[in-house]
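Trainee: Chain residues, written in single-letter form:
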Amino acid sequence: MKFTEKEVEILEILEDDCRLSAEQIAKMIDLTEAETKEMIQNLEDQRIIVDYTAQVNWRKVDGHEGVKAMIDVKVQPKRGVGFDDIASRIYRFNEVKSVYLMSGAYDLSVIIEGKSMSAIAQFVSEKLSTLDSVLSTTTHFILKKYKHDGTIFEQDDEDKRIVVSP
Amino acid sequence: MIEPSHYLSNTVKDLKPSGIRKFFDLAAGMEGVISLGVGEPDFVTPWNVREACILSLEQGYTSYTANAGLIELRNEISYYLKEKTNIDYSPKHEILVTVGASQALDVALRAIVNPGDEVIIIEPSFVSYASLVSLAGGVPVSIQTSGEMEFKLQPAELEKAITEKTKAIILCSPNNPTGTALVKEELERIAEIIEKHDLLVISDEIYAELTYDDVYTSFVSIDGMAERTILVNGFSKGFAMTGWRLGYVAANSEFLSAMLKIHQYSMMCAPTMAQYAAIEAMKNGKEDVLHMKKSYRQRRNLFVGALNDIGLTCHVPGGAFYAFPSIQITNLSSEEFAEQLLLEEKVAVVPGNVFGESGEGYIRCSYASSLDQLQEALKRMKRFVQKRV
Ligand SMILES: Cc1ncc(COP(=O)(O)O)c(C=O)c1O
Numbered sequence: 001m002k003f004t005e006k007e008v009e010i011l012e013i014l015e016d017d018c019r020l021s022a023e024q025i026a027k028m029i030d031l032t033e034a035e036t037k038e039m040i041q042n043l044e045d046q047r048i049i050v051d052y053t054a055q056v057n058w059r060k061v062d063g064h065e066g067v068k069a070m071i072d073v074k075v076q077p078k079r080g081v082g083f084d085d086i087a088s089r090i091y092r093f094n095e096v097k098s099v100y101l102m103s104g105a106y107d108l109s110v111i112i113e114g115k116s117m118s119a120i121a122q123f124v125s126e127k128l129s130t131l132d133s134v135l136s137t138t139t140h141f142i143l144k145k146y147k148h149d150g151t152i153f154e155q156d157d158e159d160k161r162i163v164v165s166p
Numbered sequence: 001m002i003e004p005s006h007y008l009s010n011t012v013k014d015l016k017p018s019g020i021r022k023f024f025d026l027a028a029g030m031e032g033v034i035s036l037g038v039g040e041p042d043f044v045t046p047w048n049v050r051e052a053c054i055l056s057l058e059q060g061y062t063s064y065t066a067n068a069g070l071i072e073l074r075n076e077i078s079y080y081l082k083e084k085t086n087i088d089y090s091p092k093h094e095i096l097v098t099v100g101a102s103q104a105l106d107v108a109l110r111a112i113v114n115p116g117d118e119v120i121i122i123e124p125s126f127v128s129y130a131s132l133v134s135l136a137g138g139v140p141v142s143i144q145t146s147g148e149m150e151f152k153l154q155p156a157e158l159e160k161a162i163t164e165k166t167k168a169i170i171l172c173s174p175n176n177p178t179g180t181a182l183v184k185e186e187l188e189r190i191a192e193i194i195e196k197h198d199l200l201v202i203s204d205e206i207y208a209e210l211t212y213d214d215v216y217t218s219f220v221s222i223d224g225m226a227e228r229t230i231l232v233n234g235f236s237k238g239f240a241m242t243g244w245r246l247g248y249v250a251a252n253s254e255f256l257s258a259m260l261k262i263h264q265y266s267m268m269c270a271p272t273m274a275q276y277a278a279i280e281a282m283k284n285g286k287e288d289v290l291h292m293k294k295s296y297r298q299r300r301n302l303f304v305g306a307l308n309d310i311g312l313t314c315h316v317p318g319g320a321f322y323a324f325p326s327i328q329i330t331n332l333s334s335e336e337f338a339e340q341l342l343l344e345e346k347v348a349v350v351p352g353n354v355f356g357e358s359g360e361g362y363i364r365c366s367y368a369s370s371l372d373q374l375q376e377a378l379k380r381m382k383r384f385v386q387k388r389v
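So the protein sequences, as listed, match chains A and B. The opening residue of the first sequence carries number 1 in UniProt numbering; numbering runs sequentially from there. The opening residue of the second sequence carries number 1 in UniProt numbering; numbering runs sequentially from there.
To be clear, the hints were calculated from the coordinates, so they are not data collected in a lab. Glycine included, each C-beta is placed from N, C-alpha and C at the ideal position. Don't take every hint at face value.
Stated by the list, open to error - Which stretches of chain A does chain B cover? Using the computed rule of at least three CB atoms under 8 Å from a CB of chain B, they are:
(1) 12–20
(2) 123–135
(3) 154–162
What the hints assert, rightly or not - Not close to chain B: a few residues of chain A, all C-beta gaps over 12 Å, as computed:
(4) Thr53
(5) Thr151
(6) Pro166
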């Protein structure tokens, strides 16, 4: 799909900070508020903007640390539906945060979030690996998130400039 | 006990300390200040550039470079200038890498000024110009511009300021502190006068990359001007590299060898690691520059619009990252406004008068700050202004 320069600019701005109001965005890119609202609505309707979420560093929230694992899944693709069918069976589980079809040593990369390691182990052994087309799984626990979707988690973003300068 | 002041040179004694310094001292001790007082990007130098510097250190490039700078860097600067100005500057004979645009201005002035020569400065202007002219033994002559004319130099005013002693004029577009950017036709009209009076031009193009509404026109690309212009530029603003202290001059080879002599004796060469970083910036930095420029432009629109809503009338600055609004409605002087705003609302701005007489009645606000900070600053400024009108 082709989009106008202004639409792309809106996407960039919202990707950076989705709390900005249509009024603020309108000023930033020299459009009227109504035009901006309409563009945003269109982008949402076409599912170009899919969701507005916050990046949370749960490690810092006591009792909510959670555990994440990345699971390499080898599957037997089915005639006619390829990988799509098994992928959709997997992504419907609440525990599953992302599913990607991969090239290389395995087929699906599945990211799972759970309360504890044992909860994840249980999910993998009972739900995931017992699915019909799943041939094998390899589970990697994520130990620490440094950067996620372009956001550096423990960034020191203190302004290091002196207060007044030429 | 000696009396040091007896020993100081008269030139130095006569230099005024920068008005910015005073505000720096005032703001320095305070906590929780939102600063719109800085003349530098809020972006940290892009990582690939920092990384190139680290690599150069790991490889042990820690010695002097050629006086004029690494030839590889001068080549890159030459390509860059060709693209921006359509002038072919010879990397060997017409480009000199300096310690910031600041040193570039210094060597340019020292290379051309004889005692008593007049150099024209258009105010409000960058704080260094007048003092650098004095240090070079020249006489700074100011032309005032007005807010009604968006601080654009009027050709008639330029004619008036020229005397027999006039040697050169310093142009800066986009400008610090007003953000005013001159378009091609405006530069052409200035060029006619320059040619008529046979003057030199020092063109400070440090904000060239940060031009928002019109296509950037370098003064050297105006017909006939390249030979009489010393082009000054650097990495500080467009590439977010203020602390690296790296700039350059480009000019006809005779001017350049004169400047090279001064540079060679006073500076030897620009910092080596900064030069390696700059090569990376020139080779692979375009996207980052565009990204930063886009972000400044968005913030300018938001910020300048909001200033006008508050009643701090402000022209739309075509470049750099400064807004220069009028504070007339408050009936305060620039200094009073800046000082009270800092003490009451903890927002640091720079009073316009430090950039010259015509800056009185205005303040300089840098919008190179995060959106959050800008919005908070605007809220505080609004409260401050409302109390006074
Ligand atoms: C107009 C102008 N020229 C030159 C400079 C100095 O730049 P540099 O950091 O390259 O010495 C500045 C910095 O504020 C400036 O605003």
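Trainee: Look at each hint and say if it fits the structure.
Mentor: Against the structure, the hints:
Counting residues of the stretch 12–20 of chain A whose C-beta lies closer than 8 Å to any C-beta of chain B gives 4; at least three are required, and the coverage claim holds. Closer than 8 Å: that is the beta-carbon criterion, and the stretch 123–135 of chain A has 0 residues meeting it against chain B, so the requirement of 3 is violated. Chain B is given as covering the stretch 154–162 of chain A, and this holds because 4 residues of the stretch bring a CB closer than 8 Å to a CB of that chain, at least three being needed. The beta carbon of A/Thr53 sits about 19 Å from the closest Cβ of chain B, which is more than 12 Å, so the claim that it is off the interface holds.
Once the 12 Å rule is applied to beta carbons, A/Thr151 is consistent with being away from chain B; the minimum gap is 15 Å. Not every Cβ of chain B is farther than 12 Å from the Cβ of A/Pro166; the closest lies at roughly 5 Å, contradicting the non-interface assignment.
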